[in-house]
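Asker: Following the hints, put chain B in place on chain A, whose structure we already have.
Which chain is which? The protein sequence lines are A and B, in order.
With positions in the first sequence counted from 1, the corresponding number in the working numbering is that position plus 1167.
With positions in the second sequence counted from 1, the corresponding number in the working numbering is that position plus 1167.
Calculated directly from the structure, the hints in this document are not laboratory data.
Just so you know, not all the hints are guaranteed correct.
Identical chains blur together in the list; that is why a pair holds if it fits in one copy or across any two.
Stated by the list, open to error - Computed list of lysine to any residue pairs in SDA-like fashion (alpha-carbon distance at most 25 Å, straight line): (1) LYS1532 to GLY1204; (2) LYS1532 to PHE1487; (3) LYS1532 to ALA1459; (4) LYS1532 to GLY1306; (5) LYS1532 to GLU1203; (6) LYS1532 to VAL1357.
Protein chains: 2
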Amino acid sequence: MTGRNWSVPETEVVQRIRDRLDAAGTDVLATVVDIEGNAYRRPGAKMLLDADGDGVGSITAGCLEDELVRVADEVRAAGEPRLVTYDLMEGEDEEVWGLGVGCNGVIEVLLEPLTETYRPAVEAFGDGRDVAVVTVLDGGSGSLERGDRAYYDPAGGTLSAPDGDAAAWPTDALAAPAAELAERGRADTVTVDGATLFVDGLSAPPELVVFGTGHDVGPVTELAAKNDFRVTVVGFRGAVDLAERFPAADRTLTTSPGSLTEVVDLDDNTYAVVMTHNFVDDRLTVEALLDAAVPYVGLMGPRERFDQMRDAFAEEGRTFADAELSTLYTPVGLDLGGGSPYQIAHSIVAEVLAVVNDRTPRHLKTREGPIHNRVDVDADAGVPPR
Amino acid sequence: MTGRNWSVPETEVVQRIRDRLDAAGTDVLATVVDIEGNAYRRPGAKMLLDADGDGVGSITAGCLEDELVRVADEVRAAGEPRLVTYDLMEGEDEEVWGLGVGCNGVIEVLLEPLTETYRPAVEAFGDGRDVAVVTVLDGGSGSLERGDRAYYDPAGGTLSAPDGDAAAWPTDALAAPAAELAERGRADTVTVDGATLFVDGLSAPPELVVFGTGHDVGPVTELAAKNDFRVTVVGFRGAVDLAERFPAADRTLTTSPGSLTEVVDLDDNTYAVVMTHNFVDDRLTVEALLDAAVPYVGLMGPRERFDQMRDAFAEEGRTFADAELSTLYTPVGLDLGGGSPYQIAHSIVAEVLAVVNDRTPRHLKTREGPIHNRVDVDADAGVPPR
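Just chain A, with the same shape it has in the complex (with noise of 0.2 Å):
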């Protein structure tokens, strides 16, 4: 097999899930339920592996994923869940490191054939809302078994067991944690009453909106998707043939600026990019999405341009304390040099990413104190968190 569509977004891993529950495939999930040490990924990062031993998704940067191809065959054949614990420690010598950082490590994998029971999930994921799905690792004592499947909507603030009795699941005990691994995309085991549950948040992932329709729009668009965020494109005054154009972007509008909160929601969820190249419809967009206190607002173009909007919001009587422009960023984009569409549009997406994980962008060389970077259990998420 080759390791090509072993390395895809966190998005279309779980766009891969639901595809293949409507073609009632049978495909084994892999999840990562626990991690001791250094892990290239987390516990939540999954692999869907076919019939064929073809795979997406990746749980390690390539040292187990053969291994698993192996264990699923027997998973799919007996179809049973099975959790599988990987030691990879081997003392404190370089054979340590020579299992090399996302090998070395304890990692636990629950393999599970993909039933059903999986679609609340990947349909709220795709719905944009987040959910966390529960699963028993072990039923202690209850009435749980391994593999059992419930789902806590935070938003409801309810938990539901699409293949048993809802009332089998400590609903009480689950509600904190799960809806705050729901809302930050984690994932982390919880013990209650003698089981063990695995509590798999998905967050659903930022919205990047780009204003605009020039060719610099697609890059921009291309590299947000790979770096899940959910794409829409804004065009105006009956821009066209803009889902054709930009075929990277999860879904296209085409509005006028005065109309702009009347057919995008903007909320904390939502980063912008406004690069329409035409002053009057970016001083318009801007002033929107300021009103509406997105978490970001990435403005194209010099840093005089923005002062002369300024000094056009000021003859509209419109002014803006320094804190409502904490937001704003323009020039759009990380310092990195470039000129072409691509680097310009790699800049802007870095920042955003930057600003969604409330990072400083910096060498991670030179940063102080512990890296909390990916190598980090803790720190990072497949999906940016909110």
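Answerer: For chain B alone, coordinates are given in the frame of chain A:
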């Protein structure tokens, strides 16, 4: 036409020129030769237009492309190069900005039928050699005519004129500016003896060499290629199917850590990312790269991992001064957060871009003084400068 092909990596525009030369197409090449005021692209930005009105590359964010398609038809019919100036300045009111960054300003564009005279340049570029394309904009009173073309080879210090008499060209006067522009990947206009010559430097793209074959390598190769790096993937110990697994790579090699320098040129244009996930392989590779004093060595893994590596170096009597380690970046990447393979790759490529362009990664909004960013014509090249 869709805008999809209009935003492509610069290297793909040059490759397209080469492909169309081979196809003996009837394309018209449009090149920005001069700019006043803010502009989205810089002199040297190219757009290749075919007889169907489809284009590859863009010279603005979309303000002039449709007009250029029309003019290109006339140039194709006439078979003669034409110099067109678009004055989009309209005074100091909003309408200047209303035309948008990338539209306001004066943009001078040379349109010419694509001919074999362009082949030596694209072949040199494809071979990783710097070259300057010299094109006559105005021959003045001399024998040179608009569209006449010569090439300057900085390595050989020679000027050649495939379609005419090299002796007719002011080689001595061109040598210095052509050499500098070729190395920096910049373009400028030079006036010699009353003749106006456009000197378009095509700088060999920086080379990103990725050591490793894990699933996390694919996203790095994809994003680096989009950012105009020439990408090489190096695998160890009989790694197979590398070209198939990493289609975005320009080339793939399999060797052993001890034989690195025999198969890979390590020079001042080599930017290396070490991610074999094997401690011994990483250590031997890092040692070879530091010995070769390449400008960038990114090492995946936590800081403690390199501390352990440094101890291993010391045990064999190899110590590194801090100065030697200034080019070592570990943990690799910018601090953007995010833990998916693409998010990690995005932070790595962003870091390499900043190093290539000698930038301090930070929000452009926080940069002091004038923003030498993509809208500053002088500061940026479509391909990262060396």
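Asker: Against this structure, judge whether each hint is valid.
Answerer: Hint check results:
no. : hint               : verdict
1   : LYS1532 to GLY1204 : within (20 Å within a copy, 38 Å between copies)
2   : LYS1532 to PHE1487 : between (37 Å within a copy, 17 Å between copies)
3   : LYS1532 to ALA1459 : between (36 Å within a copy, 21 Å between copies)
4   : LYS1532 to GLY1306 : neither (44 Å within a copy, 53 Å between copies)
5   : LYS1532 to GLU1203 : within (24 Å within a copy, 40 Å between copies)
6   : LYS1532 to VAL1357 : neither (34 Å within a copy, 43 Å between copies)
Of the numbered hints stated above, those contradicted by the structure are hints 4 and 6, listed in ascending order.
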